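Since each chain comes alone in its own frame, lean on the hints to assemble the complex.
In order, the protein sequences belong to chains A and B.
Take the position in the first sequence, starting the count at 1, then add 22; the result is the number in this note's numbering.
Take the position in the second sequence, starting the count at 1, then add 777; the result is the number in this note's numbering.
One thing to keep in mind: the hints can contain errors.
[As the list claims (entries may be wrong)] Lysine to any residue pairs mimicking SDA-like chemistry, simulated, CA-CA at most 20 Å apart:
| id | chain 1 | residue 1 | chain 2 | residue 2 |
| --- | --- | --- | --- | --- |
| 1 | B | Lys794 | A | Asp271 |
| 2 | A | Lys26 | B | Thr894 |
| 3 | B | Lys798 | A | Glu270 |
| 4 | A | Lys102 | B | Lys794 |
| 5 | A | Lys106 | B | Asn825 |
| 6 | A | Lys102 | B | Arg873 |
| 7 | A | Lys106 | B | Thr894 |
| 8 | B | Lys798 | A | Trp268 |
| 9 | A | Lys102 | A | Val263 |
| 10 | A | Lys26 | B | Leu922 |
Calculated directly from the structure, the hints in this document are not laboratory data.
Just so you know, these numbers come straight off a predicted model, no measurement behind them.
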Amino acid sequence: MTMKRNGISQLYASILVNAIFAMVNYPIVLISTILAPFSLLIVITFVSHGTLLPVAIAGALVMTMISAGTSMQQDLSHLKNDFKLQDMIVSSPATAMIYLIGMALSEIVYSIPALVVLLILAAIYVHATLIGAIVMFFVITIMFIFAVSLGFVLSTLTSDVVQSWAFGGIVSTILSALPPVYYPITYIPMPWQYLAYLSPATYAAEIMQNTVGLTNFSSTTILIDWIVIIAVAAVMVYVAVKKAKWRED
Amino acid sequence: MMPKALPEYDGKLTCSKLSKKYEEGKYALKDVSFSIPAQGIFALIGRNGAGKTTLVRILSTQLMPTSGTVSIDGMDVVTQARELREMIACVPQEARAIGWLTARQSITAYLMWRGFTGKEARKRTAEAARKLGITKYLDKQNRLLSGGTKRKVLVAMVMASEASILFLDEPTTGLDPISRDELWNTLRELKKDHFIFLTTHYLEEAERLADKIGILEDGQLKALGTLDDLRSKVKYPYSIKILSEFRIAKPKNGEVIRGVDGHLQIVTTEQEANKLSRKLIDKKVRFSMNPMTLDDIFYFIVRKPIDDEDYDNEEERD
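For reference, chain B alone in the conformation it holds in the complex (with noise of 0.2 Å):
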């Protein structure tokens, strides 16, 4: 009989052509394929229903995929869960902090779900409220705390555990942008001895905070990179936002798409930003102009065809 072999421990997160396919016959991811190292952080971003839940649910031992292969740090996510469930904590996208219990009720509740001694679970409990500053709102009952604490409890109870690897899946929305930044700063401290995987939908978000972007957009991983990676797939620097009705011709150096909200945007060198902005300004057309943003790039590489006539127009071609 062959020995069973070891895990490899490689530091990495690797998905192998990942599918998910539900029963109705939707597939939430298809093919996904990618390899990012177990470490610093990392932001998924994409739309609502571009497939991120589904991921983080199969990576956090969750959802079972329908085929293809997902390891971290050498370890297969469907035959060696167990192993992995050592090493992991997630705080899913719609977790709720327990009304009934107080902060420190469900903090030190989870740690011991998760085998520490009561002792230690107290212990560290208040070592977590110290450093996400929850300390005064630990016997308080969930349901009278705020939502940004309420989030901070669940940040909490991973925070505390042994766990390295941590799935947070859209931690900061509804979160006020105080209490936002307050997690973010959070998270920052966590990386240092960490892997965050998070979703988020905040593309200023994954700009302050991630190591490593990948954008998912209807199942299919359409960028991983850097900031800079991504920014190097848009080869033109700047935006330019038309705000009012206006037919606009395709710039000779550029691309016109359409932002989510509903906005021609055009993106060009700086040569033609400047040429198109005075021609706006003379037409009397609103518009905003500025160096490409992550919202940009993201409207870029998830952007939808645009009908040739909102801007192939000759008359307004120079």
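So here's chain A without its partners, still in its complex pose (with noise of 0.2 Å):
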């Protein structure tokens, strides 16, 4: 007789492992959460003699969010690679998708502190409406959904941590550095702009800035930005169910 399962349970184990007993086991990586996102938020503020703080902060919300998507292909490639976890759940009732759930979920557990600064942050400096706040919230979770299900692809394809850390560079640097998240991008020269339009982070830094108020892009601009940002999310979400190697051929 099969067995009733508890898929709250089993998401929450993901959780668990993941961030929560990582955090109570190792208290330092709060500390270091916390300071991740601050690095350019703080070199853009002094340089920028605080003008750009509220972008600043907008983006360092977005790349927050990023990071913890991209942090999990780093985590479940370790995870798997290391300690053949994740051959441990492929031969139980755990389904991919609780697993990938379960992860994501963690990697936000994972990013809550620095989340909490940034948001209390955002209250004091950042000027926005409640649509505008809504709008800035569907930004991120798209890019999470995106960051988290790029995260999942790369993992099931990496057999060594020194894969992983190869495909964790370059993500990097097409997520992070190429997209001008804490700048507008009129402050990139041409025809280097068209670069930063190679990252789908540029679309949503585009939509975050025109609503704090930053840039004034046409209506036309941001609407091609949520169409793209909302199309590479969803093919990135149809690889990981469909093409991620759960199963290895």
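Following this line, the structure appears as structure tokens:
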């Protein structure tokens, strides 16, 4: 007879292992996760004499969620290749989707300390309307879904931690270094702006910067930005669900 | 539309013409066919690279076969993996207990991944730890535990689950003799209500634990059966291992094989063994003589051809 399984427990197991137990057993992790999004935020704020602080906070929110998603790639690769945990999970009633969602939630939990600090700063320095806040919430959620899906796909393709580092470096460059998340895209000289548009984070940044009033893009541009980030996230979710190698060929 | 066929629940593990070919063209398994009752302990022995882990990974639904079929208790591992995963658990060969977790956290989390509530998982964790004698280590981080205790934590994870079929890929590799013995005792207890499919290259482990033994070599199943079945495959009951350089003639009743350590080994009848041993003593050749062990049977079954010049020496022939 099949046992009745508790789906919440299955999700919670990932959160425990990848976030809560790590923080409980190593409290230094809390400090590290709080500090992570602030490095560029501080630099941009000082260099701009504070004028870019609101956009840098909005950018830090986007980057925290993207980093949370891309961190999942390295966490999953580590658990899969160094501990063979994924093999143990594959040979169990837990599905790939349960594992993926649980691990994604664990990355959010892991980021909560940083998010709390950033949200407090946003409440003080970013003067967004309620609709603006909702827009920002959707943008960072979509970027998070995109990043976790990408992270999951890459983690299932890696067979060694060195590969995982390589993927991590490439993804970090495309999602963090290229896009003008902490400052307006107009600060990037032509033709380098075209390069920035290779990253989905650039489209997310344009929406965020428009929302906080730093830039004034046309509604067509913002519409295109929404279409791009939703499409990219949808494609990546599809690939994660259909193409990731849960069971190896 | 035809109704979907229900599983037969035949209580067997059956492989039929199972092959696994990797991208580089090498076959890890080639036309492996066997059927065993899914009960007690089945030990698959073989050298490194024989295909043991590939077989375990296919059986435990981690790896797709290239061709052939495999079913466990009537369920196909490819098409009915989801149903099968309800009743299996696996400790992979290179699995390690996660260093930053305590033993208790590791076991409890694994059980929660399988769908137990936190309360039930904690209860089962304590029970499994008690049975394995690791209760006092439960709240220590895995990185601080000895190798043997770490392996026990992994075994506790699957043991505490509801799975009735356990795949353990080389569970005692790297353990000291005492830890190994303790784990053997645990496995003996477990087999009362589980089917355990284990791989090992410790022949003594298979000899002491397994109800049935399979010998895998170069991706092919060379022998399968109880220890007595395997013994009967070798018609000679005695083994003489030549420990020093000596060219030996092939006995009339027996065969010469080369052991894995490179020494020549003669398997023969008791009478021939006595005769040969007297001769070796006379010639001051170092040797050992014993009844056939599983080691000898294994070497006999997976033996490589011996060049004629190693033993076909007329001067030495009686």
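Hint check results:
1. B:Lys794 with A:Asp271: This hinted pair holds, its Cα atoms lying about 18 Å apart.
2. A:Lys26 with B:Thr894: holds, 10 Å
3. B:Lys798 with A:Glu270: holds, 13 Å
4. A:Lys102 with B:Lys794: Roughly 30 Å between the alpha carbons, so the hint for Lys102 (chain A) and Lys794 (chain B) is violated.
5. A:Lys106 with B:Asn825: holds, 19 Å
6. A:Lys102 with B:Arg873: holds, 10 Å
7. A:Lys106 with B:Thr894: violated, 23 Å
8. B:Lys798 with A:Trp268: holds, 19 Å
9. A:Lys102 with A:Val263: The hint holds at about 18 Å.
10. A:Lys26 with B:Leu922: violated, 34 Å
The structure shown violates the earlier hints numbered 4, 7 and 10.
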